[in-house]
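Enquirer: Residue strings, one per chain:
Protein chains: 2
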Amino acid sequence: MVTSPVVNTYPLSSYTFGTKEPKMEKDTSVADRLARMKVNYMKEGMRTSVEAILLVQEHNHPHILLLQIGNTFCKLPGGRLKPGENEIEGLKRKLTSKLGCQFTCSCARLAEIITLDEYVIVKKLIEHTFISTKNVMAIGECVAIWWRPNFETIMYPYCPPHITKPKECKKLFLVHLSEREYFAVPKNLKLLAVPLFELYDNVQRYGPVISTIPQQLSRFQFNMITT
Amino acid sequence: MVTSPVVNTYPLSSYTFGTKEPKMEKDTSVADRLARMKVNYMKEGMRTSVEAILLVQEHNHPHILLLQIGNTFCKLPGGRLKPGENEIEGLKRKLTSKLGCQFTCSCARLAEIITLDEYVIVKKLIEHTFISTKNVMAIGECVAIWWRPNFETIMYPYCPPHITKPKECKKLFLVHLSEREYFAVPKNLKLLAVPLFELYDNVQRYGPVISTIPQQLSRFQFNMITT
Chain G
1 MVTSPVVNTY PLSSYTFGTK EPKMEKDTSV ADRLARMKVN YMKEGMRTSV
51 EAILLVQEHN HPHILLLQIG NTFCKLPGGR LKPGENEIEG LKRKLTSKLG
101 CQFTCSCARL AEIITLDEYV IVKKLIEHTF ISTKNVMAIG ECVAIWWRPN
151 FETIMYPYCP PHITKPKECK KLFLVHLSER EYFAVPKNLK LLAVPLFELY
201 DNVQRYGPVI STIPQQLSRF QFNMITT
Chain Y
1 MVTSPVVNTY PLSSYTFGTK EPKMEKDTSV ADRLARMKVN YMKEGMRTSV
51 EAILLVQEHN HPHILLLQIG NTFCKLPGGR LKPGENEIEG LKRKLTSKLG
101 CQFTCSCARL AEIITLDEYV IVKKLIEHTF ISTKNVMAIG ECVAIWWRPN
151 FETIMYPYCP PHITKPKECK KLFLVHLSER EYFAVPKNLK LLAVPLFELY
201 DNVQRYGPVI STIPQQLSRF QFNMITT
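Protein chains in written order, with the numbering used here: chain G, 1 to 227; chain Y, 1 to 227.
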């Protein structure tokens, strides 16, 4: 049989939530947002944005963490890349700035920070399993790509034919959370854990991008951890 | 940057279409179908079905091959696995029986058919690149999994909470076509190439499974070949 990629999902109660200074929206209206998009497009070309799907479980059903602005609008954590910025690094930067997330320090990165003598010791200790690199969240699979053909709100999961200069490309990544995480939520936002069954077929409430996340995640096998 | 998996798509005109004997539907109504499903469930347990997404391109936009029954209902080629059957082998069997598809003969399979002496010669010729195994279609990525909780038409892209005994699990696989293929279409069916933009957001016409294929394929990069 074909094995589906496995995603560990931990209970919402494993995670700790605090607050941080408000992160205000840059625009006060959709029209302002589209106008700013146009100005940026003139300067920098196509906008590339990256968003994170953070999964938890409750009652053995996967839930997605969404940021709620006011009482209605929900969005995935993420944002716009700087020109030329790497997608993974950009998404880490956005998750750090928006939710105070911390990411795994790879051995390669560690080698840049500490001295060679220290690195030899650390490596030996890891090999002898006396210590391990801290298991923190990691950016995983790209699960969807959406295209904005014009300076309008409508986006498509393909670049429409005859559109040679799309205005935005938005990529959604699965983020693998570890057993323990701390999220610092900006004071003007709420972080909600929304079950897949609430998102599914609910384009009215969540829009076309978020409401089809259940379909995009269907190929994964969720390993519900109940510790 | 993260590289998307690449899918080669060839023009519809690269492919040849013929006809074969009719493949009649086993049921004449939805009620009959659900009743047969129930009988089979009692005998064999949860039904597992596999379906194929066959991609071609026209005007540089991806199109999916759908089988049309009568003037309205469209379905993906595929069907039910035999109890214990491997998913990939089962989908190959279904594509062979429904569309006369041919699949790559693996070296292991070849070794079963020909004598050891012949195999040694073939292997030497392949190593010296005098010959190559024929490049024909291959079953690729699982892109979606749908669940039927009850003996009803409704399916979900997750197993709903509190459903411990789902009645069907349907898996959709991307099938990588080669540059040339021959499809033998049963005389009672029509094979249509439907563009992604026609499927998208068109649940009324294509149902929830087929109408969200564009979202599930959005993470792939289509290499449009125009030979």
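The set of hints was computed from the structure by calculation and includes no laboratory data.
Beta carbons: idealized from backbone N, C-alpha and C, even for Gly.
Careful, some of the hints might be misleading.
[Claimed, not checked] Partial list, computed: chain G residues near chain Y (C-beta under 7 Å):
# : residue
1 : N150
2 : T153
3 : P157
4 : Y182
[As the list claims (entries may be wrong)] Distance windows between CB atoms, simulated:
#  : chain 1 : residue 1 : chain 2 : residue 2 : range
5  : Y       : I225      : G       : S4        : 26 to 32 Å
6  : G       : M46       : Y       : E127      : 26 to 32 Å
7  : G       : F73       : Y       : Q102      : 18 to 24 Å
8  : Y       : N40       : G       : S4        : 46 to 52 Å
9  : G       : Q102      : Y       : T226      : 45 to 51 Å
10 : G       : T19       : Y       : G45       : 46 to 52 Å
Enquirer: For the restraint on N150(G), tell me whether the closest CB of chain Y is nearer than 7 Å.
Expert: Result: violated, 15 Å to nearest chain Y Cβ.
Enquirer: Between the beta carbons of N40(Y) and S4(G), is the distance compatible with 46 to 52 Å?
Expert: violated, 24 Å
Enquirer: Taking the beta carbons of I225(Y) and S4(G), is their distance inside 26 to 32 Å?
Expert: holds, 30 Å
Enquirer: Tell me if the interface restraint on T153(G) is satisfied: Cβ within less than 7 Å of some Cβ in chain Y.
Expert: violated, 14 Å
Enquirer: Classify the hint on P157(G) as holds or violated, based on whether any CB of chain Y lies nearer than 7 Å to its CB.
Expert: Holds, because the Cβ-Cβ distance from P157(G) to chain Y comes to roughly 4 Å (cut-off 7 Å).
Enquirer: CB of M46(G) to CB of E127(Y), is that within 26 to 32 Å?
Expert: violated, 46 Å
Enquirer: Against chain Y, is Y182(G) within 7 Å by beta-carbon distance?
Expert: This interface hint is violated because 26 Å lies over the 7 Å limit.
Enquirer: Could you check the hint for me, namely that T19(G) and G45(Y) are 46 to 52 Å apart, CB to CB?
Expert: holds, 50 Å
Enquirer: CB of Q102(G) to CB of T226(Y), is that within 45 to 51 Å?
Expert: holds, 47 Å
Enquirer: Holds or violated: the 18 to 24 Å window for the beta-carbon distance between F73(G) and Q102(Y)?
Expert: violated, 51 Å
Hint compliance for this structure: hints 1, 2, 4, 6, 7, 8 are not met, and every other hint is.
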